[in-house]
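Take a look at the letters that make up each chain.
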Amino acid sequence: MAVVWIPPFLESLTGGAHKVTVSGRNLRQVLNSLDTLYPGIKDALLEEDHIHPSIAVVIDGATGHLELIEPVREESEIHFIPAISGG
Amino acid sequence: MQDFEYVAPTTLEEAVRLLDGNGLKVKALAGGTDILVQLRANRFQVDRLVDIKGIPELNQLSCSEADGLTLGAAVPCYRVYEDERIARLYPALVDATSLIGSIQVQSRGTVGGNLCNAAPSGDSIPALIILGATCEIAGPKGRRTVQVERFCTGPGRNVLEPGEMLVSLKLPLPKANSGAHFLRFTPRKEMDIAVVGVGASVLLDDARQRILSARIALGAVAPTPLLAREAGDLLAGREASEAAIEEAAKAARAAARPITDIRGTARQRTHLVGVLTKRALGTAIARAKEGKKP
Amino acid sequence: MTATARQESKGSGPFKVVGTRTTRHDGVDKVTGRARFGADISMSGLLHGKVLRSPHAHARIRSIDTSMAEALPGVKGVATAQDFPIIRGQALDFSGAVSNARVTAEVILAHERVMYAGHAVAAVAATSPHIAEEATRLIRVDYEASRVERLGSGEDTSPGSNIASHIQLKRGDVEQGFGEAEVIVERELSTQTIHQGYIEPFASTAHWAPDGHVTIWTTTQGIFGVRASTSAILGIPESMVKVIPMEVGGGFGGKASIYLDPVAAVLSKKTGHPVKMVMTRKEVFEGTGPGCAAIMRVKMGADSSGRITAAQFWLAYQAGAFPGSSVSGGATTGTGPYNIDNFLIDGYDVVCNKQKTSGYRAPGQCQANFAIETVIDELAERLGMDPLELRLKNVVKEGDRMPTGVPFPYIDLRKLEETMKTHPHYSAPLEGPNRGRGVAVAFRGHGGQGAPATMNVNADGTISLITGAIDLSGTRTTVAMQAAEVLGLAAKDVILTVVDTDSVAQTGTTAGSRVTFEMGLAAIAAAQEVKRQMSARAAMLWEVQPEEVEFQDGVFTCNRSPAKRMTFKELAGRLARSGGPITCSVYAPSTGIGPSFAGNIVDVEIDPETGKVDILRYTAFLDAGQAVHPGFVEGQMQGATAQGIGWALSEEYLYTEEGAVANTSFLDYRTPTSMDLPMIDTVIIQVPNPHHPFGVRAVGEVPIVPTLAAVANAVYHATGVRMTRLPMSPGAILEALEAKKAQE
Amino acid sequence: MTGRTHVHTSINDTDVDFLCESRQSLLEVLRDVLWLFGTKEGCNDGNCGACTVIMDGRIVDSCLVLAVEAEGKTITTIEGIAQAEGLHPLQQAFLEGDALQCGICTPGFVLAAKALLDREPDADETRIRHWLAGNLCRCTGYDKIVRAVLKAGKEMREEAP
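Here the protein sequences line up with chains E, F, P and X, keeping their order.
Mind the numbering: the first sequence is residues 1 to 87 in the numbering used here, read in order.
Mind the numbering: the second sequence is residues 1 to 294 in the numbering used here, read in order.
Mind the numbering: the third sequence is residues 1 to 744 in the numbering used here, read in order.
Mind the numbering: the fourth sequence is residues 1 to 161 in the numbering used here, read in order.
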């Protein structure tokens with residue numbers, strides 16, 4: 001099962017949990033699992049079926065570029081971090 | 001930039017005639033390093049630019065132990081600081097001319113233009129003031145002479161009437177046992193505008209201990225470069241001591257009437273007047289002592 | 001000042017090309033004046049465009065009357081925001097809009113409101129730049145002035161305030177951590193709006209052909225970004241826009257934004273002529289995106305052993321008139337290169353009526369690093385510890401987590417800090433009064449996005465390598481060197497050309513220090529593919545199996561018969577008559593650039609009477625991974641340091657009471673001159689990056705990050721005054737010295 | 001209102017005649033009329049030195065010279081520095097010493113440095129830094145530029161008879 005690190009702005013949805021272990025073989029499945037546990041989390045992370053532009057997904061240390069079909073391994077660690085941008 | 005008429009007279013008479021524009025906006029062009037920038041920034045517009053560089057009298061640079069220095073209004077800075085006689089007799093003028101802009105600007109920019117531009121921060125002006133320069137002016141009504149400290153009348157303004165032009169600057173021969181120095185303070189070491197500039201000249205007695213007379217001039221602390229007459233006068237008859245210099249610096253600070261703008265605060269400028277006056281006097285006295293004994 | 005010859009570079013892999021100081025590919029063109037930059041273009045029928053800009057910092061545009069401008073002889077066309085299909089009749093929606101084409105359009109030409117003084121309002125095309133400029137002054141704009149928000153301080157966090165967004169990162173329990181602290185330091189620090197200061201102003205030339213094809217010659221960090229924005233703003237398909245890159249005369253993040261291209265295109269459409277637009281320096285300062293100002297509150301605690309027990313950061317970054325400051329860069333590196341168990345980071349993106357900010361070399365990270373490294377210096381002092389010792393005590397290691405929670409990959413910051421500590425500069429005596437030494441260390445995280453490349457083998461045995469990655473500082477050479485390494489060629493034999501948007505696959509913007517790393521990966525992948533195809537061709541010619549062909553040091557051999565031997569060049573010459581040329585296109589996904597580390601040691605001398613800071617000696621340290629071209633790496637370090645010194649000491653936007661930029665020239669926006677800097681010594685350490693076959697790390701941005709704090713710490717040690725506001729101008733230092741004297 | 005003026009100059013050892021408006025700078029004419037794009041515009045107000053050319057032996061900011069003022073002048077631009085036999089020692093030193101990155105300021109630096117070394121081939125670091133203070137570079141931190149000028153000066157001294 002992959003470990004998802006919950007960013008502080010979503011902790012209200014997870015009841016304060018920082019790390020959540022969920023199943024899923026790609027990011028979409030992981031998000032669906034998360035959303036079942038904590039409804040609303042998908043809406044907070046997505047904008048019209050895309051990762052919100054202000055968020056970057058990091059899976060096992062690498063920034064993902066496949067969005068929702070990004071593969072997730074059994075022991076993967078997933079982070080939703082602020083996208084680096086701007087001046 | 002609006003287009004304008006460019007004329008390049010070769011005689012003073014012709015230049016004076018062209019400068020009197022009969023209602024047209026006319027300016028003289030020497031090095032152009034200020035005026036072209038101001039035109040592009042739309043600070044003012046001109047109908048005619050009169051390039052005065054082709055007039056022989058304005059390119060005159062004569063320096064002798066008999067007559068002092070005559071500096072044509074169109075002589076660029078580099079000719080001043082590269083002149084060995086000037087370097088020997090008027091080092092404060094070298095101090096100032098080698099600070100104006102970059103080497104590139106000094107290839108074009110002139111002492112006369114720096115003066116006519118009448119910026120409160122104009123680096124050459126305090127130097128000219130302490131060296132007792134006079135301005136030779138030609139115009140439709142003939143020639144006249146003005147002390148350099150009376151030439152500037154406000155930021156960007158001077159005593160020239162329509163049709164008048166600066167022909168040359170005359171600097172008297174420095175007396176034996178005299179010395180002068182100009183320095184400025186800028187955030188960068190080069191390519192900057194003076195937050196404060198200070199020039200000081202001193203005349204020592206034959207023993208080189210006592211100050212017989214002194215002149216102190218300030219830049220960027222009033223609407224025009226300023227002769228701080230009292231600050232200089234109080235040194236007359238005094239030992240060239242730290243205490244005397246301190247007093248002169250205090251008087252110079254009192255003479256300053258600075259404003260706060262993007263280049264510095266009034267408070268900072270007043271403080272710097274004191275610091276730079278001491279430094280300028282220190283070097284001026286040292287130079288007076290260095291010269292060969294009469 | 002004397003020229004010091006301390007250019008250290010240690011360690012290099014078993015490479016033949018990588019790690020050497022080969023001559024730059026673009027060098028001859030640049031030293032002879034042949035290189036063509038943004039404005040270096042002319043063509044028949046060319047018109048010149050100029051922009052009218054708002055004098056107001058915030059106002060509603062009631063109406064724009066262009067009739068007088070259009071009547072001026074020589075004027076051929078005028079454009080306003082109404083000419084952008086994306087703007088017509090559409091309201092601007094900020095929800096989630098950090099940066100999108102609609103916002104970009106609004107910055108390029110104001111629609112209903114001007115949001116800052118210098119905001120573009122209209123543009124004119126005429127037969128000469130002078131006429132175009134005169135015409136802009138004949139455009140009558142009726143403004144209704146609005147309230148100007150200039151502070152952007154982030155103080156008001158209520159709904160409806162000018163906070164556009166909030167980022168929070170946390171770990172552990174800060175209250176508990178501060179409870180464990182022996183010493184706690186709290187500081188508020190600030191930095192001002194600063195500009196990238198590239199010497200080449202923005203310039204773009206566009207031609208809208210009668211068949212609808214738009215060609216744009218422009219100076220940009222990313223041609224595909226220009227294409228995407230332009231087509232979106234003009235409402236035409238991307239395939240109708242071709243963007244041709246010119247040389248870029250400095251970008252530093254600023255030229256990742258676009259300002260002129262769609263305007264030039266619209267003017268070209270309206271006039272039927274190509275239109276060239278070149279900004280004045282004033283326009284660059286008032287109309288393009290500077291780096292943002294920041295206010296930062298830092299609280300850090302450490303126990304008596306020097307362990308940092310807790311850290312709290314409150315960061316408010318000014319985005320300018322539209323959301324999207326670089327606060328994320330500051331927040332995500334907020335804890336600096338320290339392993340801290342308890343922290344809380346709050347970052348606010350704050351809007352105000354100033355220029356919309358843009359990227360500037362390590363966006364957001366310099367500001368935050370200035371804050372943290374100042375406080376670390378103070379902690380060290382309070383603990384009586386050597387400042388580098390305190391840093392070593394808390395140094396991040398592989399497996400430790402960044403503020404985002406993402407673990408650090410293989411790194412060795414300890415090595416960099418030990419190198420600093422044992423460097424002769426660190427122990428050299430500071431001779432004379434009013435002198436001080438400062439140190440600072442920084443890390444920067446990097447993203448990554450992958451890169452495409454196309455490679456052709458030429459008949460003479462050279463390679464043409466084609467990319468769409470803009471070369472800002474020598475990446476044509478550093479990327480070519482990596483391909484040359486694989487193919488056993490000399491660097492000069494790989495001819496890298498940066499081509500237009502029609503000629504190469506979509507390529508990311510040159511930003512985030514990614515090109516030498518990511519385009520390098522693509523070049524290596526392409527070279528390996530060429531090697532495979534060449535081996536197969538050799539096998540075909542020799543009538544052996546491909547796996548029997550070996551390639552080493554530029555020579556193909558057959559392991560079955562030693563007589564069979566061909567150099568790369570010989571084989572290349574035979575390609576045409578043995579099945580045709582060899583070519584390939586590859587896409588190399590990003591493998592993770594990883595974080596980078598840099599440190600500085602600096603000596604300063606202060607004139608206590610004027611407040612002027614003189615930089616006496618500077619040593620910059622960087623972990624470059626494998627330095628592909630050590631000379632270029634040194635150049636990145638020295639240039640970044642110079643920019644950092646300018647930021648620390650003399651550079652800032654000054655605004656008038658009405659909110660206009662008061663210093664729009666290099667005379668009063670004081671980037672350092674050659675007189676203001678000493679030689680900048682460099683020490684490159686090389687901890688290989690496991691995510692790159694040659695061990696390359698990112699080097700472009702991180703060297704600027706420690707500079708602000710290093711200089712500020714040196715000023716403190718020279719004067720005893722903590723300067724918490726940048727720049728540390730002579731006036732500011734003088735005031736601080738006076739205040740200190742008054743206290744004593 | 002004034003029409004155009006005919007100007008006769010010598011540019012890079014070639015007689016060049018051009019027509020210009022009074023308001024046009026030498027920089028504008030070099031670039032827009034004569035297509036000598038090697039001379040760069042960085043600020044157009046004499047503060048960056050990118051437009052440096054050598055006029056009658058002195059370096060000037062060509063943005064601060066009216067084109068009409070060039071009448072009878074001898075001008076050298078970056079295009080006139082390299083000879084048929086190869087690069088000037090300064091250009092070679094810039095190239096070998098990595099004394100350029102983006103390259104926009106390079107022509108101005110090469111011309112300014114050439115004018116210095118032609119007069120003072122033994123200029124030291126302080127002199128070089130002072131002389132080049134009118135040329136801004138934002139990429140290099142000046143370190144490698146100053147070193148390149150020192151190196152070229154040494155070579156020029158050795159080559160001189």
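Do not take every clue at face value.
According to the in silico footprint, chain P covers these stretches of chain F (three or more CB under 8 Å from chain P) [stated by the list, open to error]:
id	region
1	1-10
2	155-161
3	190-202
4	271-281
Just so you know, the hints here were simulated from the structure itself, not pulled from any lab data.
Given the structure is predicted, the values throughout are model-derived calculations rather than measurements.
C-beta atoms are modelled at their ideal positions from N, C-alpha and C, and glycine is treated no differently.
Results of checking the hints against the structure:
{"no.": "1", "hint": "1-10", "verdict": "holds (count 3)"}
{"no.": "2", "hint": "155-161", "verdict": "violated (count 0)"}
{"no.": "3", "hint": "190-202", "verdict": "holds (count 5)"}
{"no.": "4", "hint": "271-281", "verdict": "holds (count 3)"}
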